[in-house]
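Below are the chains, spelled out letter by letter.
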Amino acid sequence: MATLFGSGIKRREDPRLLTGTGLFTDDLKLPGLVYMAVVRSPYAHAKITKIDTRDAAKAPGVVAVVTGKDLAGKVGTIPCAWNVPDCDLKTPPHPMLAADKVRYAGDGVALVVAESREAARDAVDLVDVDYEPLPTVIDPEKATKGGAPILHDEVAANTAFTWTVAGGDADAAFNQAEVKVDLRIVQQRLLPTAMEPRSAVASHNRATGQLTLWATSQNPHIHRFLTSVTLGIPEHKVRVISPDVGGGFGSKIPCYADELLVALMATRLGRPVKWTEDRSENYKATIHGRDHVEYVEMCGKKDGTITGLKTRVFAGLGAYASTAAPGVPTILHGLMYSGAYTIPNIHGVVKGVYTNTTPVDAYRGAGRPEATYLIERLVDTFAREIGKDPADVRKKNFISKEQMPYTVATAITYDSGDYHGALEKATSTIDYAGFRAEQAKALKQGRYLGIGVCSYTEICGIGPSQVAGAVGFGGGLYESAVVRVYPTGVVRVYIGTRPHGQGEETTFAQVVGDEFGIPVENIEIVAGDTESTPQGWGTYGSRTTAVGGSAVVLAARKVKEKAKKLAAHLLEASEDDLEWKDGAFRVKGSPDKAKAFGELALMANVAWNMPAGMEAGLEASAAFDPTNFVFPYGTHISTVEVDPETGEVSILRYVAVDDCGPHINPTIVEGQVHGGVIQGIGEALQEIAVYSDDGQLVTGTMMDYAVPKASQMPRVESHYTYTPSPVNPLGVKGIGEAGTIASTPCMVNAVIDALAPLGIRHIDKPLTPARVWAAIQQAKGGAQ
Amino acid sequence: MIPVGFEYERASSLRAVMNALAKDDGTKLIAGGHSLLPMLRFRLAQPAKLLDIGGLQELKGIDAKGRKTKIGSLVTYRELIESADVAQRFPIIIEAALGIGDLQVRNLGTIGGGIAHADPASDMPALMLALGAELTLRSKGGKRTVPANEFFQGPFATAMRPDELLAEIVLPPLPKGAGAAYVSIEQQASGYAMAGAAAVVTRSRKTVKTAVVALTGVSDSAYLADVSGVVGTHADQAALEAATAKVTAGRDVNNDIHASSEYRAHLAGVVARRAIATAYGRAG
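Same order as they appear, the protein sequences are chains A and B.
Under our numbering, read the first sequence as residues 1 to 784, first letter to last.
Under our numbering, read the second sequence as residues 1 to 284, first letter to last.
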């Protein structure tokens, strides 16, 4: 029987999602439902001197108006749940509604609940707030300088933490180095832009004290816990349901004020309450990503050997420390400074900085794209400095497959990989040498062609719970699953992760189908409801399959173990005499003496004839806690042509070679690569969240924030190598973030390669036509 | 994104629309809605009443029976793209319309809406100028015709009076043998032109006889740029550069996060050159 593992079957979730028969949070309608809207500060930094809610309260249909002052001291503050140790982390209180002072444009100051969405929106305009504007600071580097406006009185120099990573002796390496290069890199702020904005519906039963919160969540169990502690409702009285979720990219990990306020108002009013943000509100009130100003250096020998790397990073956190924010530019970033290379001496200092902007948290890749980008930009800059080809310099410094598992200078251990293999596959696919010849010829005709390489490795499949505890993550990072077999031999699998577009309803069914010899149609994957699913930690960090999928397969194997014992009993054979073949346990040598999975399911569930001591039923739960992270890797190469007259970049080819271990479903892997690559190209070429100096988000709508469109993007040529991970039973790594991590440096390196003949060494992304043109003008000595 | 409440009515006839506009009571007309709805949702526009003219047959259809081509203001971009008459007489309109929005937008958005809205970066105003369109405006008091070069007066501002409605676009035939082209460099997010140029060129053998260029996205409204320097040349690169060196002369060039005024002025020259060169290539 052919295995389902490795088969590119169609995604089972798609018919539901594509034909409008899914159920998203905003689709919910409950009897007596009322609607919440949030009054948000138009100022980025201001004292609230007065709020007059009288007109709003009198408006037709308005049920309640609540201000920050009304809540102060009565409810908890928004928690930061990643308390990174040894960095003097300061996370000042983040009230659900600001009472005295607002710290970014979009900070909530009051809420309105009304009988209709329209009435709630109208009433927002009737809440009269007096502000006394304060000076603002937007740039995370400037915010640490003397004289910068201070956001939180208790946080000097707006510096939330200063975190250091060190391995080897970087100072010595730089002192002795033959070659040193440095760059100042701005990794611009991005807007995650999930297709579905955030939404929440809450219902509270006053008699039982039971709160049910439907919310757009990547991690409903974390939201259950945080809702419980923040609102003071015992955890067993809180049920969080995350129905279909239309993308997250990290933006649906955090605990936000709005969802908690919906829950709070449901308990106060005794009526169900709904809130759904619109896109403009999403851009202001949902977390942003990246926002680094970096000073980075690399040193090495003229033969191309890299000997050291140093960074000084100012990581913007926005106005408050969001749920996972401190961990993103530290643990998920600085620990990856070795990239795919044996860099013996590393020193990095990351300052987390409060600014008058929307909070920043994990966005697809979360810290690792920033790390990969600075490394890969430095490798290219270093290669150019010593006059060597950037692909050759990469090869020279790769950790070799013989060295695996390999502990890098930052003290983490990579599980497996053949970095040379991926690079060679990518260079041969794109005909690297051939393109170099073509490029030289084109240059003679005044055409600027470029080729960009990015060799990445990323830390994902997060992660061992023990490590989570050691690095201050406020939760475990194991995963759990329950596999329940029904009397008719069909199966429901309850998981603690919360896939929201990644396809695990399909891939997990493939894994279970193989264990039981049944088709995927007989298996349902159930996620998102804390009432039915076992404790889990959610979907992010490319962990769902590596960690959650492993829990699923372990639970399925437990079920199969029990089924085998039952089969032996029914067949009056010894377990050792049984073999699993074609969907049945068979007596070796007498294959007709067999018990098929379906029959065992029935017999276990009716329990007419169980072996002594065996409990009725056929189900099992398992938790999987990995011993290490997994480290997917690969090399992406793109070729571009830059129009020197307009600064426009045309992508000629894009080749991705990724290694995420074996593929459960190659079609889904390819889809993840494509989506990730496009998102990363968006970051490289066009996406940037722009604030004015006074803290207004200028790119407040999609008219100004350039989410990639299909017509702007290249065909992605996807190729793979397959190196299993030794740290989980499926051997899988992760592919959700790889494309985003790889494609940004790949594109920027290609464009800079194209412009190198003009003497251009670096341009900060996004490489919009305007920026590229300005750099060309400057290089030509123009007036710009 | 919830508009302030408004009254909505489907217009029964053109006469009823003109009567309603004559009352000057803040009623706004809506057709495809692609410009107005976002303004309503942002509460930038808060009309008391919307009068939906989308169903009025009087404003639909393309009439190419005569020398002049008459396009009803409710003709959608898709209808333009699919029209054999437009393909034969003004392929430049199809070239530009294919770059507007996406399929859904082109299915609903109307040429009249795009013109009457007068977004300083939209494509159709430049085409109207380059093609020498006459815009027929109707009101309770009658009808009048305004040439395109008097119609566009500023950002979202036109020669239309509050009681008037854009009923028809009348296009004179292109000069014999003329080539026309539309070239735009789009802002990456909105798709609107950072600079767009519509050019109509005639030539005698290799020599440019006439050249008209209208620019959009560059200044506070679309405008006809002076490219007379190209007349008499062979439209080679040097001639084009010389002739387009001052296409933004006398205009305030827009400056925003996507393009500085300096870059945009440069792009204006680029699109003007490229549009003229393409139109020249198409001229016979």
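Note that these hints are calculated values from the structure, not bench results.
Don't take each hint at face value.
Said to hold, decoys possible - What follows is a list of derived Cβ distance ranges for each label pair:
{"id": "1", "chain 1": "B", "residue 1": "S228", "chain 2": "A", "residue 2": "R312", "range": "10 to 20 Å"}
{"id": "2", "chain 1": "A", "residue 1": "T667", "chain 2": "B", "residue 2": "D63", "range": "46 to 56 Å"}
{"id": "3", "chain 1": "A", "residue 1": "V229", "chain 2": "B", "residue 2": "G55", "range": "54 to 64 Å"}
{"id": "4", "chain 1": "B", "residue 1": "N107", "chain 2": "A", "residue 2": "A411", "range": "54 to 64 Å"}
Every value quoted in this text rests on a predicted model; they were computed, and no experiment measured them.
Using N, Cα and C, we set each Cβ at its ideal position, and we do this for glycine too.
Hints, verified against the model:
1. S228(B) <-> R312(A): 10 to 20 Å: Distance hint for S228(B), R312(A) is violated at roughly 57 Å.
2. T667(A) <-> D63(B): 46 to 56 Å: holds, 51 Å
3. V229(A) <-> G55(B): 54 to 64 Å: Hint holds: Cβ distance 57 Å, inside 54 to 64 Å.
4. N107(B) <-> A411(A): 54 to 64 Å: holds, 58 Å
Hint 1 alone, counting from the list given before, is not met by this structure.
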